[in-house]
Every structure is written in structure tokens, then in C-alpha cells.
Amino acid sequence: MVKIEMQPDYSCEPLWNLDTANFAYPEDLPLLTKTVERLKKWQNVYDRLLDLEEPFNIGFKTIEDNQVFEQEGLEIAEQMQSELGDGYEIYYRNERVKIPVQA
Amino acid sequence: MAETLEDLIAELEQKNIKHTPDEIIWIGRDAEGKVVWLENGDSQKGLTHILTKRKGFAGRQVASEDIADLILAAVTKGNLIGYQGQEFPRLVFAVIFKGKHQFVAVSISTNGYIVGANPADPSRIRKISNG
Chain C
1 MVKIEMQPDY SCEPLWNLDT ANFAYPEDLP LLTKTVERLK KWQNVYDRLL DLEEPFNIGF
61 KTIEDNQVFE QEGLEIAEQM QSELGDGYEI YYRNERVKIP VQA
Chain V
104 MAETLEDLIA ELEQKNIKHT PDEIIWIGRD AEGKVVWLEN GDSQKGLTHI LTKRKGFAGR
164 QVASEDIADL ILAAVTKGNL IGYQGQEFPR LVFAVIFKGK HQFVAVSIST NGYIVGANPA
224 DPSRIRKISN G
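Chains C and V supply the protein sequences, listed in that same order. Residue numbers for the first sequence follow our numbering, beginning at 1 and rising by one. Residue numbers for the second sequence follow our numbering, beginning at 104 and rising by one.
The hints are simulated quantities; they were obtained by calculation from the structure and are not laboratory data. Take these hints with a grain of salt, some might be off.
Below 30 Å or equal to it, Euclidean Cα-Cα: the simulated DSSO-like pairs (lysine-lysine) are [said to hold, decoys possible]:
| # | chain 1 | residue 1 | chain 2 | residue 2 |
| --- | --- | --- | --- | --- |
| 1 | V | LYS121 | C | LYS61 |
| 2 | V | LYS118 | C | LYS41 |
| 3 | V | LYS158 | C | LYS34 |
| 4 | V | LYS201 | C | LYS40 |
| 5 | C | LYS3 | V | LYS118 |
| 6 | C | LYS41 | V | LYS230 |
| 7 | V | LYS118 | C | LYS34 |
| 8 | V | LYS158 | C | LYS98 |
| 9 | V | LYS201 | C | LYS61 |
| 10 | V | LYS230 | V | LYS201 |
| 11 | V | LYS118 | C | LYS40 |
| 12 | V | LYS230 | C | LYS40 |
| 13 | V | LYS230 | C | LYS61 |
| 14 | V | LYS121 | C | LYS3 |
Some chain V residues judged to face chain C by a derived CB distance under 8 Å, without partners named [what the hints assert, rightly or not]:
| # | residue |
| --- | --- |
| 15 | THR107 |
| 16 | THR151 |
| 17 | GLY185 |
| 18 | ALA197 |
| 19 | LYS201 |
| 20 | GLY219 |
| 21 | ARG229 |
Just so it is clear, CB atoms sit at the ideal spot from N, CA and C, and this is done for glycine as well.
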């Protein structure tokens with residue numbers, strides 16, 4: 001069982017392999033290309049929050065922006081869990097992700 | 104005479120650098136003599152943000168309560184060996200902390216505020232060339 005945690009951070013890979021104590025590189029995982037691209041786009045949103053000139057300005061401009069980011073992150077994590085299957089445990093911000101039940 | 108925490112905070116005030124004295128975890132100087140400091144911050148910056156990576160540090164045998172001290176050791180006593188990331192790369196320091204070699208990537212703002220940090224991947228560091 002491979003345990004992977006998804007956490008956004010600046011100038012970082014968004015995935016961390018909890019077993020090897022190192023980054024997990026999305027392109028090395030059996031994920032769909034569109035999921036990898038979605039993950040990178042999500043990470044880019046976080047990277048754009050960084051302001052090294054005015055660090056006290058770092059953060060989402062609105063609560064809604066933050067909520068949209070978190071919702072997208074959770075959905076990507078769920079998609080990853082669905083694609084990676086039983087051999088992987090995906091965690092989003094410390095919480096184990098469950099595959100949503102299809103309607 | 105060694106500088107005190109108060110001396111360094113006074114320097115920030117003298118230079119009109121925005122900071123939150125009551126939130127400062129530690130303050131020191133980097134290898135170039137610039138004042139650098141870590142505040143509690145929030146979920147997007149500072150120690151609170153860094154602690155979201157506590158499992159990552161734990162995997163490198165660094166307890167949550169030691170993370171702030173590890174970053175202090177890295178930026179004030181470590182060797183700058185390279186960079187992580189592209190557009191606004193983190194500085195990667197090599198440091199011996201509590202008897203173990205550690206590689207720590209740190210985002211330091213222009214004014215010295217520590218924004219974030221993570222355990223670095225030694226195999227992916229863009230090393231500083233010596234030539």
C-alpha cells in the first residue's frame with residue numbers, strides 16, 4: 001500500500017509519499033494525463049499566491065477563492081484515489097480520501 | 104557582545120520592515136548577515152503553514168516541535184547548496200541537525216520573513232555550480 005499526501009506549497013510538488021518520505025512525482029504515477037494536468041494547474045494557483053516582496057499579503061483574496069481552491073483539491077484527490085485504486089491511500093490535507101459513490 | 108532578540112527586532116523596526124513582534128518564534132541572521140525570522144503566521148505562511156508538512160518532516164525523523172529549530176539551523180548555519188522549483192525557487196540548505204544530515208528547502212521573502220519550508224529531495228536539487 002502506497003500512502004500519498006496531497007498538500008499545496010510554494011515551489012513544491014503537491015504530492016508527498018509518506019512511505020519514502022519524499023515527493024511523489026505525478027508523472028511517475030499511473031494517472032490519466034488530464035488528471036496530472038489538473039493537479040499541476042491546481043498547484044499553479046497556489047504558487048501564484050506567493051508574494052516574496054510583501055509576505056504579509058500572501059493568501060487568498062477572498063474566502064470564496066479559498067473555498068473554490070479547497071473544493072478543487074479535494075475533487076482531484078478523489079479522482080486520483082479512483083484512478084490509482086486499492087494499492088494506494090490518498091490523503092488530502094491529512095484526511096484519508098474516499099472515492100465518491102457514483103449516482 | 105552577542106546580539107539579542109531585542110537587538111534584531113529593533114533592527115527590523117529601524118529599517119521599517121513589517122513584522123509582528125509577539126508572533127516571532129525565532130530571529131537570526133543568515134550567512135550574508137541579513138535578518139531572517141519565523142513568525143507563527145497562518146495557513147498560507149509562517150510556522151502554521153510549515154506545520155501542514157509535519158508528516159513530511161516526521162519521515163525525515165524531525166519531530167513537529169523541532170521543525171522551527173531545524174529551519175533556524177538551516178538558514179543561519181546551513182550550507183546553501185541549490186534550489187527547488189522554478190519561478191520563485193526555494194533555497195536548499197544542507198545542515199546537520201541533531202546528528203543527522205538534513206536537506207531543507209526554504210522560501211525566504213525579500214525582507215527576511217520565512218514563508219515556507221519543506222524537506223528537500225536530494226536527487227532533484229538544482230545545485231549551485233562552483234565554476
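Comparing the hints with the structure gives:
Simply put, LYS121 of chain V and LYS61 of chain C have alpha-carbon atoms about 20 Å apart, close enough for the 30 Å limit, and the pair holds. Our distance criterion of 30 Å between C-alpha atoms is broken by LYS118 of chain V and LYS41 of chain C, whose separation comes to about 38 Å. A C-alpha spacing of about 28 Å is found between LYS158 of chain V and LYS34 of chain C, which places the hinted pair at or below 30 Å, so the restraint holds. Taking the CA atoms of LYS201 of chain V and LYS40 of chain C, the gap is near 35 Å; set against the 30 Å cutoff, the hint is violated.
Between the alpha carbons of LYS3 of chain C and LYS118 of chain V the distance comes to roughly 46 Å, so the proposed pair goes past 30 Å and is violated. About 26 Å separates the Cα atoms of LYS41 of chain C and LYS230 of chain V, which keeps this hinted pair within 30 Å; it holds. Note on LYS118 of chain V and LYS34 of chain C: the hinted pairing is violated, with a Cα-Cα distance of about 48 Å set against a maximum of 30 Å. The hinted pair formed by LYS158 of chain V and LYS98 of chain C meets the criterion: a straight-line CA distance of about 20 Å does not exceed 30 Å.
Straight-line distance between C-alpha atoms of LYS201 of chain V and LYS61 of chain C comes to about 39 Å, which puts the hinted pair past the 30 Å bound. With a C-alpha separation of about 24 Å, the suggested pair LYS230 of chain V and LYS201 of chain V falls inside the 30 Å cut-off, and the hint holds. The suggested pairing of LYS118 of chain V with LYS40 of chain C is violated, with an alpha-carbon distance near 38 Å, which exceeds 30 Å. For the proposed pair LYS230 of chain V and LYS40 of chain C, the alpha carbon gap of about 24 Å is at most 30 Å, so the pair holds.
Between the alpha carbons of LYS230 of chain V and LYS61 of chain C the distance comes to roughly 35 Å, so the proposed pair goes past 30 Å and is violated. Simply put, LYS121 of chain V and LYS3 of chain C have alpha-carbon atoms about 40 Å apart, too far for the 30 Å limit, and the pair is violated. Proximity of THR107 of chain V to chain C is violated relative to the hint, the smallest CB-CB distance being about 24 Å (cut-off 8 Å). The restraint placing THR151 of chain V at the interface with chain C is violated, with a minimum CB-CB distance near 12 Å, outside the 8 Å limit.
Hint on GLY185 of chain V is violated. Least Cβ distance to chain C is approximately 13 Å, over the 8 Å limit. A distance limit of 8 Å between C-beta atoms decides the matter here; for ALA197 of chain V the minimum to chain C is near 16 Å, and the interface restraint is violated. With a least beta-carbon distance of about 16 Å to chain C, the hint placing LYS201 of chain V at the interface is violated under the 8 Å criterion. Because the closest C-beta pair between GLY219 of chain V and chain C is about 5 Å apart, less than 8 Å, the hint holds.
With 8 Å as the threshold, the beta carbon of ARG229 of chain V stays out of range of chain C, its nearest partner Cβ sitting at about 11 Å, so the hint is violated.
When each numbered hint is compared with the structure, violations occur for hints 2, 4, 5, 7, 9, 11, 13, 14, 15, 16, 17, 18, 19 and 21.
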